[in-house]
Amino acid sequence: MSQQESTQQQLQHLIAERRLTPVFQPVVSLEGPQILGYEALIRGPENTALHTPAQIFAAARDTRLLAALEFACREVSCRRFMELELPGKLFLNMSPLSFTDGVCKADVIEEVLKEIGLDAERIVFELTERHPLKDADLLRAATVQLQKQGFGIALDDLGAGYSGLRVWSELSPDFVKLDRHFIFGIDQDPVKREFVRAILDIGFRTGNKVIAEGVESIEELNTLLALGIDHLQGFLVARPTTTPGRELNDKVRIWLQSAVPRSYDAFRHTVGDIAVACDTLSPDTNAGTVVKIFSDNPALNSMPVVEGDLPYGIVCRHELLAVFASRFAHELHAHKPIRSFISPQTIMVEYDRELRDVSKLVTEDPRQNLGIDFVVTARGRYRGVGKIRTLLRKVADDQLRSARHCNALTQLPGNVPLYEWVDRLLLIGKPFHVAYCDINNFKPFNDVFGYRRGDDAILLLAQILSESVDGRRDFVGHVGGDDFIVVFRSANWRECCHAILTRFARESGGLYPVGEDGSGSYWGSDRSGRRRRFDPLSLAIGAAQPDPERCRTHHDVALLLAEAKRSAKQRGGNILFESRRRVPSTKDLTA
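Taking my numbering, the leading residue of the sequence shown gets 1, the next gets one more, and so forth.
Certain hints may be false.
Computed cross-link-like contacts, DSS-like style, restricted to lysine-lysine with a CA-CA straight-line distance of at most 27 Å [stated by the list, open to error]:
#1 K387 to K292
#2 K114 to K148
#3 K192 to K209
#4 K209 to K148
#5 K336 to K292
#6 K192 to K387
These aren't lab readings, by the way, just hints derived from the structure by calculation.
Whenever a hint applies, use it, and build me the whole structure from the sequences.
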């Protein structure tokens, strides 16, 4: 019996006897955060040549048993998933090659699930790009049938092959899983960041959820969150295990909740956004060797000195060459370690520090050489370098865009970023609440006590709103005058609104001139020019929860919110009005 025949026989027995052990790795949704589901992975019998997934599936392909093996893997995974009573969805791997076998037909799969008691809506089939199927029509027909039956479809390992984007456009999957190649070291690789940014943009526009696979470090996590990722899995969250937890452990939950803010902020960029990887020097490298490197590379102005992941500083080209320009310098210094020539102008900054802060640090020192790099660190560990000219150019671009789209008084985002954020949430079907905040009797207050105190009232409300919401999840926009809109993704949005009302009622009394305590009425002119008494400043909040299925764009949300605001204003005083409507009235839509 040949080796292949022996392997085939072992594999046939293994499949028939279901001697397959499923392990599960959680897929996390950052909405919460919470576990979205679990990917099922398979292990064969221990201490055999068919134990690891690579071994067992390679053998199955060689012996034409891939479809039968995958079917057995799906069955044991589904049964174990139900036995463990795991929440959420079950992600099952399926190679496109197995679609050529009848055991992958939707009705056959559904029959097995019915026996197990698992609903089709909880199953997501992952189609890997590593083993493409030449018959695209067969693949498309099979996935369409599965989706009609209620199954979800995920495109796995995007970027691992050459046809991923074409398959994505043809299949319209529910999920797209980024190949771990693009996740590993993304915090230090600007090319990977741009690739992921582009994929997220496509996913956003097509309504597909993007999952980052293989997240292993806090630095990778923070970079992904800053880019806008909403779903992830990897060793940082949990390793595959036979008995996974039903909830995230406290350590992981804290990581996810305290990581880089993910709420829309078009104008906040950090040093990590411009950090790049480059060649480094060991602190013990001979200075003469570095002089030759600079001589051979005229465009190279500086190099970082790093030992392991511990940064020492920057060696500046013109400083080092100036030392070696003197007579006998080469004989004196060539064999000295380069650590002795680190520039006193070296700047080291953490990757999450805002660019504008670092810009001040650089420009306030008149001795600083704008041509050299600075060291970017993550909790003191080397992460890359940033170029000062790139930093200054990026800050200038940010300031220009900020001036174009931010409110001049409060520096909060205005209409354009607000509309973009609402449209994004609608497109990807994210649940959210919107609250329109408007100061009652602001115009007469402004007329009677002056524009300066009117500005103070607006600034007070802006401060209260910004400090009361969760900056990781919620968005505060200033749409003009005394009008603000808050987009809440936090579950405790109602409590936040009541806290805002309480604080405004307490602190707005300090806006009145000496002799006025803000508790009594005052005389002023209404919009018709008639003199009458006005109540003190108060805050009206009109809130609603738009239906992403029926609200098409931010225009629909604006109409819905206008209704809620009117109702809140009509009631007077510090009040939160919650609209029961989730779409604008027909009259507003046809107006």
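Each hint tested on the structure:
Distance check on the hinted pair: K387 and K292 sit about 22 Å apart at the alpha-carbon level, within 27 Å; holds. A hinted pair counts as satisfied when its Cα atoms are at most 27 Å apart, and K114 with K148 qualifies at roughly 16 Å. With a CA separation close to 19 Å, the supplied pair K192 and K209 stays within the 27 Å bound. At most 27 Å may separate the alpha-carbon atoms for a hinted pair to count; K209 and K148 meet this at roughly 19 Å.
Under the criterion of a C-alpha separation no larger than 27 Å, the hint pairing K336 with K292 is consistent with the structure, at around 14 Å. Distance restraint check for K192 and K387: the Cα-Cα separation of roughly 19 Å lies within the 27 Å cut-off, and the hinted pair is therefore satisfied.
When each numbered hint is compared with the structure, no violation occurs for any of them.
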